[in-house]
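With the hints as extra help, turn the sequences into a complete structure.
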Amino acid sequence: MSALHADAVRVLTEWDAPDAEQDLLRRDYLDHLTARQDGVWRSCRPAHITASALVVDADRARVLLTLHPKVGRWLQLGGHCEPEDATLAEAALREAREESGIAAGLALGHAAPVKLDRHAVRCAGKDQPENTHLDVQYVVLAPAGAVATISEESDDLRWFPFDALPELTDSSVRELAAHARKLLA
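If you're matching positions, the sequence shown starts at 0 in numbering that gives the first Met the number 0 and goes up one per residue.
Read the hints as simulated data drawn from the structure, not as lab findings.
Hints are not guaranteed to be accurate.
[What the hints assert, rightly or not] Label pairs and their computed distance ranges (CB to CB):
no., residue 1, residue 2, range
1, Ser1, Ala111, 14 to 24 angstroms
2, Arg26, Ala85, 20 to 30 angstroms
3, Phe159, Pro68, 28 to 38 angstroms
4, Ser150, Met0, 26 to 36 angstroms
5, Val146, Asp30, 22 to 32 angstroms
6, Ala177, Ser1, 27 to 37 angstroms
7, Gly100, Ala19, 33 to 43 angstroms
8, Ala102, Asp155, 16 to 26 angstroms
9, Gly100, Leu182, 37 to 47 angstroms
For every residue, glycine included, the Cβ atom is placed at its ideal position computed from N, Cα and C.
Structure below.
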């Protein structure tokens, strides 16, 4: 068992889900990890754990979203776990740094995940079958004056006020933002 797999089991076992639906997802994620020692890696089919971060500005007024080129929607930052990730939180922070271009000063806004989200994607390419991301979502705080830079993984990258998320944002991102705002209030 990898350190990341062990951390994912620990995090999901200890996480106090905010409602029954999130608790059901939590239990499903744990069942997946029990059945699959490779359950945190991109190569695990038909599902694998991913880590994402809703980056919030230092004033706690805006969130940083990426216009995802494959999905065509504004999403939080995040993605696949990598071998160098020892924890899910580290994976979320790494993804936030890579996709935001903010190299220093990003920090967890809360030690535990904020939300879980299961969604189907074609992460292996459009000619491959769909796979399911079992996403563990964190809140990450940006330092004052942080300047985001678009990466090759994004068509656009912008700060949006909590109350003015873009139209091309799905309900999952809106729920994540609502949970984050409440947590940081």
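Here is what the structure says about each hint:
1. Ser1 <-> Ala111: 14 to 24 angstroms: Roughly 21 angstroms apart at Cβ, these two residues keep to the hinted range, so it holds.
2. Arg26 <-> Ala85: 20 to 30 angstroms: Distance hint for Arg26, Ala85 holds at roughly 24 angstroms.
3. Phe159 <-> Pro68: 28 to 38 angstroms: 18 angstroms, violated
4. Ser150 <-> Met0: 26 to 36 angstroms: The hinted range 26 to 36 angstroms holds for Ser150 and Met0, with Cβ atoms some 32 angstroms apart.
5. Val146 <-> Asp30: 22 to 32 angstroms: Violated, since Val146 and Asp30 (Cβ atoms, about 42 angstroms apart) do not stay within the stated range.
6. Ala177 <-> Ser1: 27 to 37 angstroms: 33 angstroms Cβ-Cβ, so the 27 to 37 angstroms window holds.
7. Gly100 <-> Ala19: 33 to 43 angstroms: Given a distance of about 38 angstroms, which is inside 33 to 43 angstroms, the answer is holds.
8. Ala102 <-> Asp155: 16 to 26 angstroms: 20 angstroms, holds
9. Gly100 <-> Leu182: 37 to 47 angstroms: 25 angstroms, violated
Comparing the model with each earlier hint shows violations of hints 3, 5 and 9; every other hint is respected.
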